[in-house]
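**Q** Okay, here's what each chain looks like letter by letter:
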Amino acid sequence: MKIDYRLLTIVACAFVVAGAAIVMTRQATNSAVVMEIIPPKGVAMTDRVHDGMQLEVTAKGLTLTLPKCNLDKYQDKFFLHLYTRSGLEKNPPAFINLDFFLAQETGLAQQIHGEKSCVYLKPLSDFSPQQVNIGQFTVPNGNCCEITWSRTYIFDRNLLGK
Amino acid sequence: MMMATPKPASAVGAESHDRMYGLDVCRTMAILSVVFGHMLQHSTPHPYLASVGFMAIFGVDLFFCLSGFLIGRILMQVSERWPQEQERGVMQFWYRRWMRTLPLYFFFLFVELQIYWGGASSLSAQRAYLVFAQNLAWPMPSFYGLTWSLTVEEWFYFLFPLLILLSIGFGKTPRASVLTAIVIFLVIPPVLRFFLFDASGAFNNLDPNIRHVVIFRLDSLGFGVLAAYIYHWHKPLFRMIAELRWFFIAAALACMAFIKWDYFGLAETNWLVTVYFSVVALVFAGLIPFFSGLSPTRFAWFNRFVKYTSQIAYSLYLGHVVAFAACIYMFKRLGCYDTIYPNPWLTYPIFMALVYLLASFTYFAIEKPLLTLRDRRSKVTAQKTPIEAQVPI
Numbered sequence: 191m192k193i194d195y196r197l198l199t200i201v202a203c204a205f206v207v208a209g210a211a212i213v214m215t216r217q218a219t220n221s222a223v224v225m226e227i228i229p230p231k232g233v234a235m236t237d238r239v240h241d242g243m244q245l246e247v248t249a250k251g252l253t254l255t256l257p258k259c260n261l262d263k264y265q266d267k268f269f270l271h272l273y274t275r276s277g278l279e280k281n282p283p284a285f286i287n288l289d290f291f292l293a294q295e296t297g298l299a300q301q302i303h304g305e306k307s308c309v310y311l312k313p314l315s316d317f318s319p320q321q322v323n324i325g326q327f328t329v330p331n332g333n334c335c336e337i338t339w340s341r342t343y344i345f346d347r348n349l350l351g352k
Numbered sequence: 003m004m005m006a007t008p009k010p011a012s013a014v015g016a017e018s019h020d021r022m023y024g025l026d027v028c029r030t031m032a033i034l035s036v037v038f039g040h041m042l043q044h045s046t047p048h049p050y051l052a053s054v055g056f057m058a059i060f061g062v063d064l065f066f067c068l069s070g071f072l073i074g075r076i077l078m079q080v081s082e083r084w085p086q087e088q089e090r091g092v093m094q095f096w097y098r099r100w101m102r103t104l105p106l107y108f109f110f111l112f113v114e115l116q117i118y119w120g121g122a123s124s125l126s127a128q129r130a131y132l133v134f135a136q137n138l139a140w141p142m143p144s145f146y147g148l149t150w151s152l153t154v155e156e157w158f159y160f161l162f163p164l165l166i167l168l169s170i171g172f173g174k175t176p177r178a179s180v181l182t183a184i185v186i187f188l189v190i191p192p193v194l195r196f197f198l199f200d201a202s203g204a205f206n207n208l209d210p211n212i213r214h215v216v217i218f219r220l221d222s223l224g225f226g227v228l229a230a231y232i233y234h235w236h237k238p239l240f241r242m243i244a245e246l247r248w249f250f251i252a253a254a255l256a257c258m259a260f261i262k263w264d265y266f267g268l269a270e271t272n273w274l275v276t277v278y279f280s281v282v283a284l285v286f287a288g289l290i291p292f293f294s295g296l297s298p299t300r301f302a303w304f305n306r307f308v309k310y311t312s313q314i315a316y317s318l319y320l321g322h323v324v325a326f327a328a329c330i331y332m333f334k335r336l337g338c339y340d341t342i343y344p345n346p347w348l349t350y351p352i353f354m355a356l357v358y359l360l361a362s363f364t365y366f367a368i369e370k371p372l373l374t375l376r377d378r379r380s381k382v383t384a385q386k387t388p389i390e391a392q393v394p395i
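As you go down the protein sequences, you meet chains X and E in turn.
Here the first sequence is numbered in the working numbering, starting from 191 and rising by one per residue.
Here the second sequence is numbered in the working numbering, starting from 3 and rising by one per residue.
Hint data in this document are derived by calculation from the structure and do not stem from the laboratory.
Take these hints with a grain of salt, some might be off.
[Stated by the list, open to error] Some residues of chain E that are not near chain X, with every Cβ distance over 10 Å (derived):
#, residue
1, Gly39
2, Gln88
3, Pro105
4, Val133
5, Phe160
6, Ile170
7, Phe172
8, Leu194
9, Arg247
10, Met258
11, Phe301
12, Thr311
13, Asn345
14, Lys370
[Unchecked claim] For each label pair, taking beta carbons as the anchor points, the in silico distance ranges come out as:
#, chain 1, residue 1, chain 2, residue 2, range
15, X, Val206, E, Gln79, 26 to 34 Å
16, X, Phe317, E, Val277, 43 to 51 Å
17, X, Ala299, E, Gly173, 53 to 61 Å
18, X, Lys192, E, Phe196, 34 to 42 Å
19, E, Val193, X, Lys192, 29 to 37 Å
20, E, Phe307, X, Gln300, 33 to 41 Å
[What the hints assert, rightly or not] Some chain E residues near chain X, calculated using beta-carbon distances under 8 Å:
#, residue
21, Met22
22, Ala135
23, Gly171
Note that beta-carbon positions come from the ideal geometry of N, C-alpha and C, so glycine has one too.
Chain X with its partners taken away, still in its complex shape (with noise of 0.2 Å):
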């Protein structure tokens, strides 16, 4: 069996050169806002947003889970936007403030498949929202305000387009 250096140097770079792809092009996407519609029958929008938390939304309420309750990586301040269907018409769009610290909250502890997780509920129901931008956010230096990551909640689909 002969081996083939060449071939091997060759292959090997091919892969350096997709790996350095991917990094480039990875850098920095949790800043970038990504939005999610939520079906009209109220289906919940599971989603796992960052460092392992996970977010599920619907009209009723929003649910954070963390996983072993670490509440470490979360320090950082959320900012939670509620947009109802008159905020939205005005220019520019008018938000209900819920921004909040996890620390701060109350959320409840439960074993799933013996793993320990806490739950934080912000129920929703009583402001109807049309739409939801949930995320977090540092402010470096006093400057406001740099954002972490950032969901956006979309449940009425007439909104699609305006």
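Since chain X is already given, all that's left is putting chain E on it; use the hints.
**A** Okay, now just chain E, sitting in the frame of chain X:
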């Protein structure tokens, strides 16, 4: 009865320089399942239709196996020359694949950047899409979400030939190298599914975290290549599998019933996720010999429909959601949204007409001219095989 009829087993796998009608049927079924599923998501379907919408997810599985089969056949032919051609052979393969897939992908990527329902986006924000890194080993973002399956295909096109070349570099024959690559593609993704998937109950979301992630899905194409390997090197076995068509059809129905019963239950244990995707891929790969043996029906219009749909399948795949969005926008502009949109029996014919119209336009305006250019400029004309006309993506 309009069903295409199976050929005698002896005819299955026979060499032919024409398009294989049965594979066109397979591709048509796959693409129409995908379009149908997304059409339900973009409308207010009748409950009966909504209850069968889950079957659409099998369209992609069928696509993967078919693609693996056809690309596998091409690779088995061209890799025979790679010990001499070395990297030039692989580059030629990539050139032909990328000329086939990239122009239309980038065309629709730029369209999506402008008209995405979540708001216009920018290329810098979505740069992972430039190198198909949007879902390589992490959840698929919602932007231009349907490209997850193309990404799986593109990584297959990239990695599989490299593995063959690597094996040739270690002194193996092309045939042994193809087999090595198949084994790697069949073994690694299930192992990754088993060890990397976090099946801790509440944290699961099957689609973005498993089903749409490239490294977890490459075995689906690997099973298609295995079918191609059997076709190429073990024709009697290929014919025998074709004769087992009822077994594989029953197995496919069982998989569908299982999904209907408890799709999200799949995510509750790692072993189930590990085994399920391999089993589905194996079952659909097992149907390839059956499909490849189908003969045209006696209804010429139906045969023409199948052939045309399979020809424009890639355009249909990339553009159908854009066509839905265009329809909805048009309804609103014309003031008939509230009349038409809630009624699926009015909406669906309009959706389908626009889907075919847009796909025909992009096929004749972008795909076909570039394929002609590719074939004209391709130096190694020997690589152009009749099989290539069959490749869905």
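**Q** Does each hint fit the structure? Answer for all of them.
**A** We went through each hint and held it up to the structure:
1. Gly39: 14 Å, holds
2. Gln88: The claim is violated: Gln88(E) sits with its nearest Cβ about 6 Å from chain X, within 10 Å.
3. Pro105: 19 Å, holds
4. Val133: 4 Å, violated
5. Phe160: 7 Å, violated
6. Ile170: Its Cβ does come within 10 Å of chain X, the nearest being 7 Å, so this is violated.
7. Phe172: 6 Å, violated
8. Leu194: 16 Å, holds
9. Arg247: Its Cβ never comes within 10 Å of chain X, the nearest being 37 Å, so this holds.
10. Met258: Holds, because the least Cβ-Cβ distance between Met258(E) and chain X comes to about 21 Å, which exceeds 10 Å.
11. Phe301: Non-interface label stands for Phe301(E): nearest chain X Cβ at 38 Å, farther than 10 Å.
12. Thr311: Non-interface label stands for Thr311(E): nearest chain X Cβ at 28 Å, farther than 10 Å.
13. Asn345: Check passes; 15 Å lies beyond 10 Å.
14. Lys370: 29 Å, holds
15. Val206(X) / Gln79(E): 26 to 34 Å: Since Val206(X) and Gln79(E) have Cβ atoms about 29 Å apart, the given range 26 to 34 Å holds.
16. Phe317(X) / Val277(E): 43 to 51 Å: 44 Å, holds
17. Ala299(X) / Gly173(E): 53 to 61 Å: 58 Å, holds
18. Lys192(X) / Phe196(E): 34 to 42 Å: Once the Cβ atoms are compared, 36 Å apart, the range 34 to 42 Å for Phe196(E) and Lys192(X) holds.
19. Val193(E) / Lys192(X): 29 to 37 Å: The hinted range 29 to 37 Å holds for Val193(E) and Lys192(X), with Cβ atoms some 31 Å apart.
20. Phe307(E) / Gln300(X): 33 to 41 Å: 53 Å Cβ-Cβ, so the 33 to 41 Å window is violated.
21. Met22: 32 Å, violated
22. Ala135: 5 Å, holds
23. Gly171: 4 Å, holds
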